[in-house]
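Undergrad: Just so you know, the protein sequences line up as chains A and B, in that order.
Read in the numbering used here, the first sequence has 193 at position 193, and its numbers run on one by one without any break.
Read in the numbering used here, the second sequence has 77 at position 77, and its numbers run on one by one without any break.
Heads up, a few of these hints could be off.
What the hints assert, rightly or not - Distance windows between CB atoms, simulated:
1. 104/B - 54/A: 49 to 59 Å
2. 177/A - 165/B: 14 to 24 Å
3. 167/B - 105/A: 26 to 36 Å
4. 104/B - 155/A: 51 to 61 Å
5. 187/B - 182/A: 24 to 34 Å
6. 174/A - 41/B: 24 to 34 Å
7. 105/B - 258/A: 14 to 24 Å
8. 171/A - 105/B: 37 to 47 Å
9. 41/B - 268/A: 25 to 35 Å
10. 258/A - 71/B: 40 to 50 Å
11. 177/B - 305/A: 49 to 59 Å
I should point out that these hints are in silico values taken from the structure, not numbers from a laboratory.
The structure presented is a predicted model; accordingly, all values stated were derived computationally and were not measured.
By construction, the Cβ of each residue, glycine as well, lies at the ideal position given by its N, Cα and C atoms.
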Amino acid sequence: MIIKRAPDIRPSEITDESLYLRRREFMKTAAVPAVAALAGLAPAPTFAQAALPNVRKGVVTLDEAWTPWEDVTTYNNFYEFGMDKGDPARNAKQFRTKPWTVKIDGLVNKPGDYQLEDLVAPHALEERVYRLRCVEAWSMVVPWVGFPLRDLIKRVEPQGSAKFVEFATLHDPRQMPGQRVGVLDWPYVEGLRLDEAMHPLTILASGLYGKALPNQNGAPLRLVVPWKYGFKSIKSIVRIRFTAKQPVSSWQASAPQEYGFYSNVNPDVDHPRWSQARERRIGEFFKRKTLMFNGYADQVAGLYAGMDLKKFY
Amino acid sequence: MRGARLLKPFIFTLSVGPLAYLALGALRETLGANPIEAITRSTGIWTLRFMLVTLAVTPARWLSGWNDLARARRMLGLFAFFYGSLHLVTYVWLDQFFDWAAIVKDVAKRPFITAGFSAYLLLVPLAVTSTAGMIRRLGGRRWRRLHRLAYASAAIGIVHYWWLVKLDTRPPRNYALLLAALLLARVWMFWKRRKSGARASSGALVC
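The following block holds chain A by itself, in its conformation from the complex (with noise of 0.2 Å):
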């Protein structure tokens, strides 16, 4: 399949990194003396994440300004890591992400235990910028790093039998606060078709911005499926798994009614609580309309074409 490309953002518009990480500064001189005594309540550095060596460039771009890394790397739904949009970024600076395994299983033929190394390194890491569209009607644009899923589903080979793959989150309350409240049944575990797994705009992701995926962001190695509500792309995976049977997923045992297996994005489906035809793009005032399956209509409506999608939502 071919993956349309947007045209490319030109350099010129691109702010200089070194200048973008010093915008605060500016801001703190700028502010009044009475302001600055209050600095108390500016909100804590993000430390510095290595870069990721190798990258290919503009592997999947889009026209669309990215969201600044201090939007993305603070503004998180990591419910593992507590319940409020900042509190995985204050959780998660502790947590290990050395060594990771890969528990790979179920119909496949080549199942085990990889370590995590062992599962990324075959594969080239690309930069592909996607929309992410969270259910609760707020979007941004991620440049992530990582590799088709399908890549890896091709190496360990799944049987004929396969129809879905499960994913599930590390369960670690130790590690997770979040994991100490039953908010969720714990692990987080999410699933794809098989066909939707095998689409080259699913990736796996291991970064953003050129550089290694933070852990509020779903370190070490994340999935992210453009085309569905964010929480499908589950985050800190510690299994996957071939099925025939469609999995339940997290959201889905929840709450049946609000999110079912699919969740694909959908203007013209509302959640029943709330709107999904527009959506409010971090960094912007004016909403903006949400777009069937989040802009990638053109390359993923075949995967679900005769399927009532106010039913199977």
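Starting from the structure of chain A, add chain B where the hints point.
TA: Chain B in isolation, oriented as in the chain A frame:
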């Protein structure tokens, strides 16, 4: 009493705190990646908190015997209305940007918005009749009856909160328990007074 004279300025200063914090945060861009959401949440939660603090004044007076507390009640109630108004303005202006068609649809179609809007509407007559002149014109008894709408408004406000949370219902549950305690305190006082027969006028009992 000196303490009583300082009570109102003291409470007023504390009550503008949440607004000052938001204004400063907006100026300094420390409200996070989604400032509109942060402002909506903060003004909403402070509306509810001021409602509950207002409803706590009377039980607190009974418990402490410090009747001067009642002087602050109107101001606290008006702050609830003030933060509720900010909450509504945030929704209409910052969130929807005066998209009236979308707003009308939201209010009609989204139960949590219907609830929030109703809770606010119930506060309007209370704010309007909060002046000494209006109390005189209505008469104490009728005024007190009217102002029992505050119980309904608080309850519906909590329902509004409960229906909007995605997953974690613990915070709205805690507010609901608090409101239940404040209302039960009134029921308890009602029975106590009826038993002792101390007050013949039932109008005075739940204020």
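Undergrad: What are the numbers of the hints that this structure violates, sorted from low to high?
TA: none
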